[in-house]
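> Based on these hints, arrange chain B on the given structure of chain A.
Read off the chains here:
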Amino acid sequence: MDRIKFIKMTAGLLPIPFLSGSLLAGSSKAQSPEPDAKITVCPPYLKKGDQIGITSPSGYIFLNELLPAIKQLNSWGLQVKIGRTIGQRDGTFGGTDALRVQDFQEMLDDSAIKAILCARGGYGAIRIIDKIDFSRLRANPKWVIGFSDATVFHCHIATHCHVATLHSKMCNSFPDDWEKAPALQKDTILSIRDALMHTGKMEYKSIYNIYNRTGRVEGDLIGGNLRTIENLSGTPSGIQAAGKILFLEETHEYLYNMDRMLWNLKRSGQLSHLKGLIIGAMVRQQQRNPADELNRSIYDLVSEKTKTENFPITFDFPVGHIINNFALKCGIRHTLEVSRQGTRLIEI
Amino acid sequence: MAITVPTALKKNDTIGIMCPSGHLDLQNAKDCIDTLQTWGFKVKVDPTVGGGFHYFSGTDQQRCQALQGMLDDKNIKAILCGRGGYGMSRIIDRLDFKVFRKHPKWIIGYSDITLLHLHLNKRIKVASLHAPMATAFQPNQDTSYIKYLKNALHDRKSDYKIPADPRNRTGSATGELIGGNLAMLAHSIGSVSEPNLKNKLLFIEDVGEYLYALDRMLQQLRRSGWFNQLGGLIVGDFSTTKDTSRPFGQNIQQIIEQVVAPFSFPVAYNFPVGHQPENVTLKCGVLHQLKVTTRSAHLVECR
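Quick mapping for you: the protein sequence lines, in order, are chains A and B. All the letters of the first sequence, read from the start, carry residue numbers 1 to 348 under this note's numbering. All the letters of the second sequence, read from the start, carry residue numbers 349 to 651 under this note's numbering.
Chain A on its own, in the form it takes in the complex (with noise of 0.2 Å):
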């Protein structure tokens, strides 16, 4: 009963994102507390000799392992700034919880950084997320990059501000030798280049899966680390997905854990309303005993939860903890096209 209630209240919000485009710009209800009613921001894209500020937000990392990605930007034409966190570390994390906020937060506020890349993930940006004064991000929008554990900083930056943020590999997944490094590899790193120095409209190819709804559509991406996501759930960083095209991806989870999360998504509405579904790279971890193991597949475990609904799904996307990962950006508008000819992606 609570259910239907629940359903009908997502439901409620529905038309919001229909509006959320011209219609609403610079009228009065651009300032409505109903969040989703605000216009994403797409923050300023880079140019050469911009400066982007690098900042370890969650798990610790060292200077010498930046040296391929400062390298790389270089190349760009971008200049870098390291951020305090790189290098320290407490425990687990690139610094205490209070310094990984002041880096954080003093490259929010630096107007001369124009992104922010997190070097890597891990675990940590929960801890700091409340503590960081996102209020001027909207009005001054810069970049945000990462994934993983970064997907917080997607998320509650979706729900809080909505500006765009960019969900892209990370320092740690640059090659020591670029002229070594497989194309691929090299693609989803140029990737990076291409959303935030905007060298084109973004473009997306994967191929055809039986387990894949066809269909096409047009919506705001939202998405990122599917435990990640769950664990926003029901937070202030919560996300809204109705109305968007979700993407998730998972690595080292047992396949019941991923199982269990998405019923965590499902029993909180999150599968209900949306525009499309993308899944990524849903890596799984192995149960030692085989006998432990569950019985599906990551296509039976998604599709069971979405029969009732009729929006495309697509399977098996370039994106996730694979070398297979393009830089996706969060808030901006995009078509998915899932037909039998294979998934398509174009920012719009």
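Quick caveat, the hints were computed from the structure, so don't treat them as lab data. For glycine and all other residues, C-beta sits at the position ideal for the given N, C-alpha and C. Any given hint might turn out to be false.
Listed next, the in silico DSS-like pairs over lysine-lysine satisfying Cα-Cα at most 27 Å (straight line) [as the list claims (entries may be wrong)]:
hint, chain 1, residue 1, chain 2, residue 2
1, A, 266, B, 390
2, B, 473, B, 422
3, B, 390, B, 470
4, A, 266, A, 305
5, B, 505, B, 358
6, B, 546, B, 422
7, A, 131, B, 546
8, B, 470, B, 446
9, B, 546, A, 266
10, A, 305, B, 505
11, B, 473, B, 590
12, A, 205, A, 131
13, A, 180, A, 48
14, A, 305, B, 422
15, A, 186, A, 81
16, B, 505, B, 390
17, B, 470, A, 266
18, B, 446, A, 266
19, B, 509, B, 450
20, B, 546, B, 590
21, B, 422, B, 359
Far from chain B by the CB rule (all over 10 Å, computed), these chain A residues [said to hold, decoys possible]:
hint, residue
22, 51
23, 235
24, 295
Non-contacting residues of chain B with respect to chain A, defined by C-beta distances greater than 10 Å in every case (computed) [to be verified]:
hint, residue
25, 413
26, 422
27, 594
28, 624
Relative to the frame of chain A, chain B by itself:
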């Protein structure tokens, strides 16, 4: 709406045993069945006990029907879940509590069953027993704690007094008990089964989780407001936590201390609840008083 507390069991009442989640070998239920019979109860064993569908004790439909059947069967006066594991999340929204609401009975279990306790508490408003399951009755371990389940079924007042842990935060609070497995508590957040924690006494336990994962779950509880108006916190067993190759840097007590630092409710550590033989029976939804002093932690049912 007040919580309904199921009535005490009488001699020759029937307890149903079923497995709503993971598979359990029938032989591992034997000691449980025998013990319940020596306590004077009849036992009805569902085919999901000893049944198997790969990891699960049956298909989703079989598990759901088994639990539904026992919820609706007026001759069954209590339902003991044979085992946890994983699977409750897959069937909980298919269960119909209409008959159960009118004829409530004790539902017994922990771990994965936590989700059912939360759901019963929030949506159905019926008290339930966070208590040992089938394998806890096997004599190759300390079985002294299963007597608390017997006490609860006979409607004896809960009264647990344990020596103080030096890290305890003193104070006292009165409220309804709720809690269970931390991963399942976090899993409920945002869903229709998420409990309301205002003035409640929350107990938590977990098994085999990484320290960073436990921290993440506790951060979620904090960020969802669970601690804002909490009456008191009871920390159960976390003895089997794991650490990552990059050590987390804090142990579980430090993690909890840091999360609860901004609040002032009493906290009792090392409470005998969790995936160990030292697992008392806790009545979810029933009013208790928690008194934490420098000498002891005392949890007593109010009646």
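> If a hint holds in the structure, say so; if it does not, say that too.
Evaluated hints:
Taking the CA atoms of residue 266 of chain A and residue 390 of chain B, the gap is near 39 Å; set against the 27 Å cutoff, the hint is violated. A distance of roughly 19 Å separates the Cα atoms of residue 473 of chain B and residue 422 of chain B; the hinted pair therefore holds under the 27 Å criterion. Restraint check: the Cα-Cα separation between residue 390 of chain B and residue 470 of chain B comes to about 30 Å, which exceeds 27 Å; the hinted pair is violated. As the CA atoms of residue 266 of chain A and residue 305 of chain A are separated by approximately 7 Å, the hinted pair is consistent with the 27 Å bound.
The straight-line distance between the Cα atoms of residue 505 of chain B and residue 358 of chain B is roughly 16 Å, inside the 27 Å bound, and the hint therefore holds. Under the criterion of a C-alpha separation no larger than 27 Å, the hint pairing residue 546 of chain B with residue 422 of chain B is inconsistent with the structure, at around 33 Å. For a cut-off of 27 Å, the pair hint linking residue 131 of chain A to residue 546 of chain B stands: about 24 Å separates their Cα positions. Proximity of residue 470 of chain B to residue 446 of chain B is assessed by CA-CA distance (about 15 Å); at most 27 Å being required, the pair is judged to hold.
At most 27 Å may separate the alpha-carbon atoms for a hinted pair to count; residue 546 of chain B and residue 266 of chain A meet this at roughly 26 Å. Distance hint between residue 305 of chain A and residue 505 of chain B is unfulfilled; the C-alpha atoms sit about 43 Å from each other, more than 27 Å. Of the supplied pair hints, the one linking residue 473 of chain B and residue 590 of chain B is violated, its CA atoms being roughly 36 Å apart against a limit of 27 Å. Simply put, residue 205 of chain A and residue 131 of chain A have alpha-carbon atoms about 38 Å apart, too far for the 27 Å limit, and the pair is violated.
Between residue 180 of chain A and residue 48 of chain A, the direct Cα distance comes to roughly 25 Å. Compliance with the 27 Å bound is thereby established for this hinted pair. For the suggested pair residue 305 of chain A and residue 422 of chain B, the alpha carbons sit about 33 Å apart, so the restraint of at most 27 Å is broken. With a C-alpha separation of about 23 Å, the suggested pairing of residue 186 of chain A with residue 81 of chain A holds against the 27 Å cut-off. Pair hint residue 505 of chain B plus residue 390 of chain B holds up; C-alpha atoms about 23 Å apart against a cutoff of 27 Å.
A threshold of 27 Å between alpha carbons decides the hint, and for residue 470 of chain B with residue 266 of chain A the separation of about 18 Å falls inside it, so the pair holds. Between residue 446 of chain B and residue 266 of chain A, the direct Cα distance comes to roughly 23 Å. Compliance with the 27 Å bound is thereby established for this hinted pair. Restraint check for residue 509 of chain B and residue 450 of chain B: the C-alpha separation of about 34 Å exceeds 27 Å, so the hint is violated. Of the supplied pair hints, the one linking residue 546 of chain B and residue 590 of chain B is violated, its CA atoms being roughly 31 Å apart against a limit of 27 Å.
Restraint check for residue 422 of chain B and residue 359 of chain B: the C-alpha separation of about 16 Å stays at or below 27 Å, so the hint holds. At the 10 Å boundary, the C-beta of residue 51 of chain A stays outside the reach of chain B, the nearest C-beta of that chain being 30 Å off. The beta carbon of residue 235 of chain A is not kept farther than 10 Å from every beta carbon of chain B, the shortest such distance being approximately 4 Å. The non-interface label for residue 295 of chain A is inconsistent with chain B: the shortest C-beta to C-beta separation is roughly 4 Å, within 10 Å.
Distance check on residue 413 of chain B: its Cβ is at least 18 Å (rounded) from any Cβ of chain A, clearing the 10 Å threshold; non-interface status holds. The claim that residue 422 of chain B is not at the interface with chain A holds, since no C-beta of that chain comes within 10 Å of its own (minimum 23 Å). Not every beta carbon of chain A lies more than 10 Å from that of residue 594 of chain B, the smallest distance being close to 5 Å; the non-interface claim is violated. In this structure residue 624 of chain B is separated from chain A by more than 10 Å, as the shortest Cβ-Cβ distance comes to about 21 Å.
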